[in-house]
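Enquirer: Chain X: place on chain W using the hints.
These protein sequence lines are chains W and X, in that order.
Sequential numbering from 1 applies to the first sequence in the numbering used here.
Sequential numbering from 1 applies to the second sequence in the numbering used here.
Some clues are possibly wrong.
[Unchecked claim] Incomplete in silico selection of chain W near chain X, CB under 8 Å:
(1) Ala-43
(2) Arg-44
(3) Leu-71
(4) Gly-74
(5) Thr-76
Since the hints were derived computationally from the structure, they do not count as laboratory data.
Using N, Cα and C, we set each Cβ at its ideal position, and we do this for glycine too.
Listed here are the chains, written in short residue letters.
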Amino acid sequence: MSKTYYDPADLRKFGAISDWNEELGTKFFDYYNSVFEEGKLTAREKSLIALAVSHTEQCPYCIDAYTKDALQRGITKEEMMEALHVGAAIKSGVTLVHGVQMMNKVNQLEM
Amino acid sequence: MATKSLHKRESDLANSNRQLEILSNGIFKNGELPKFADKIAETGQFPLRAKKLEILQINLGYMCNQVCEHCHVDAGPDRKEIMTKTTMMQCLEVIKNTEAHTLDLTGGAPEMNPNFRWFVEEASKAGIKDFIVRSNLTIIRANKKYYDLPQFFKKHNVHVVSSMPHWTRGKTDKQRGEGVFDKSIKALQDLNAIGYGMPESSLKLDLVYNPSGAFLPGDQVAMEKDFKKALLEDFNIQFHQLFAITNLPISRFLDYLIASENYDDYMYALVDAYNPSAVASVMCTNTISISWDGWLYDCDFNQMLDLKVASKVQHISAYNEGLLENRNIIISQHCYGCTAGAGSSCQGSVI
Numbered sequence: 001m002s003k004t005y006y007d008p009a010d011l012r013k014f015g016a017i018s019d020w021n022e023e024l025g026t027k028f029f030d031y032y033n034s035v036f037e038e039g040k041l042t043a044r045e046k047s048l049i050a051l052a053v054s055h056t057e058q059c060p061y062c063i064d065a066y067t068k069d070a071l072q073r074g075i076t077k078e079e080m081m082e083a084l085h086v087g088a089a090i091k092s093g094v095t096l097v098h099g100v101q102m103m104n105k106v107n108q109l110e111m
Numbered sequence: 001m002a003t004k005s006l007h008k009r010e011s012d013l014a015n016s017n018r019q020l021e022i023l024s025n026g027i028f029k030n031g032e033l034p035k036f037a038d039k040i041a042e043t044g045q046f047p048l049r050a051k052k053l054e055i056l057q058i059n060l061g062y063m064c065n066q067v068c069e070h071c072h073v074d075a076g077p078d079r080k081e082i083m084t085k086t087t088m089m090q091c092l093e094v095i096k097n098t099e100a101h102t103l104d105l106t107g108g109a110p111e112m113n114p115n116f117r118w119f120v121e122e123a124s125k126a127g128i129k130d131f132i133v134r135s136n137l138t139i140i141r142a143n144k145k146y147y148d149l150p151q152f153f154k155k156h157n158v159h160v161v162s163s164m165p166h167w168t169r170g171k172t173d174k175q176r177g178e179g180v181f182d183k184s185i186k187a188l189q190d191l192n193a194i195g196y197g198m199p200e201s202s203l204k205l206d207l208v209y210n211p212s213g214a215f216l217p218g219d220q221v222a223m224e225k226d227f228k229k230a231l232l233e234d235f236n237i238q239f240h241q242l243f244a245i246t247n248l249p250i251s252r253f254l255d256y257l258i259a260s261e262n263y264d265d266y267m268y269a270l271v272d273a274y275n276p277s278a279v280a281s282v283m284c285t286n287t288i289s290i291s292w293d294g295w296l297y298d299c300d301f302n303q304m305l306d307l308k309v310a311s312k313v314q315h316i317s318a319y320n321e322g323l324l325e326n327r328n329i330i331i332s333q334h335c336y337g338c339t340a341g342a343g344s345s346c347q348g349s350v351i
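Okay, chain W solo, but in the shape it has when bound (with noise of 0.2 Å):
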């Protein structure tokens, strides 16, 4: 058993989740890949929106996989850090903008 909650190595075994449950593992992988294809979006920018929310979610796995997939994609890593800026921005926003909720609160209670 692992020491630790991570491991590098069991990203190799995601697929291992159909292991137990095929029908729903299969029906979910693709699922996966049918959203990573082409589209009106191209693959590149779904490469670059997945590793902004790779990070928002702080998936170790996902950022291995999606900086990974940007590199081999040509993209540069500016352009990655660009994407993240973007997730972080709404993270932020999404922090500041219960400060509305908190001014609401604090105008309902004062007197």
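Expert: Relative to chain W, chain X alone:
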């Protein structure tokens, strides 16, 4: 950035037997990953057999003006292995009589062979349909004596295939050396100026893309689109096709994989991306690779691992195309590099 070849550094990995040992040990020996022979046997493709010869690839020598990080030839200015005029004459006899439709000159920088121009002039007389010279581009700007190479290529209707790892300076120079990007751009502009790579032009100019690190190349068509857009917008450069080539885990790239602790992951990535339908079209089945000293190999990679053809005929001096047909191809775990994803060859993807 390396400045000397593995040979000059007297590295352990300059020895091809050591490389083959590494490729058969570790994750392949303990059964974690299947050996290439077992993998292709799953689909009844073992032994891999040569088909009719289509491409004659000749390595004119390992000397090069660059010392690229990923070079599978371990080429560089310190390599002295250069094809002699006598061996070239033997090659010319073969070129005159071959059934192959493509002649592919490579190196090192083939232009650094002192008899390069004479050889091209003579070989072009044979009228082979597609006559390729793999030029690293910077050689054209390396010295005044090479400045007229574009004109020379044009005169002999040579198909120029050049390496270009990325459309940005940073990635290119990191893999190929400081200043390589700017020189390559200038050389491409020189080639464009005389008609190479222009739409509808018969003067073919193709680019080769190798990933600049421990990852596989992306989709060739998508990469070509990105390269074309960026090079046109930024430098007004045009070219015909992009060949996306997987780095094979041998020589300097193997050295890099081990030193950067990426070897296991890279081999996993190659095996995971194994595509049985690419096996039928791998280049070793339609190619003969000839070394600077005239030995025959199934491909350029086997040449660097010193795995000679499994045939009665092993040297240019006894060349016999009929006898080379149907030979068994020599394989090892590096072959996973040519069967990953859409496959990989000196002409890019195979499917």
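Enquirer: Confirm or reject each hint.
Expert: Going through the hints against the structure:
For the restraint placing Ala-43(W) at the interface with chain X, the shortest Cβ-Cβ distance is roughly 7 Å, inside the 8 Å limit, so the hint holds. Taking 8 Å as the C-beta cut-off, the interface hint given for Arg-44(W) holds, the closest approach to chain X being about 7 Å. Interface hint status for Leu-71(W): upheld, as the beta-carbon distance to the closest one in chain X is roughly 5 Å, under 8 Å. Restraint check, Gly-74(W) versus chain X: the minimum CB separation of about 6 Å is within 8 Å; hint holds.
Here the hint on Thr-76(W) is kept, as its CB sits about 6 Å from the closest CB of chain X, short of 8 Å.
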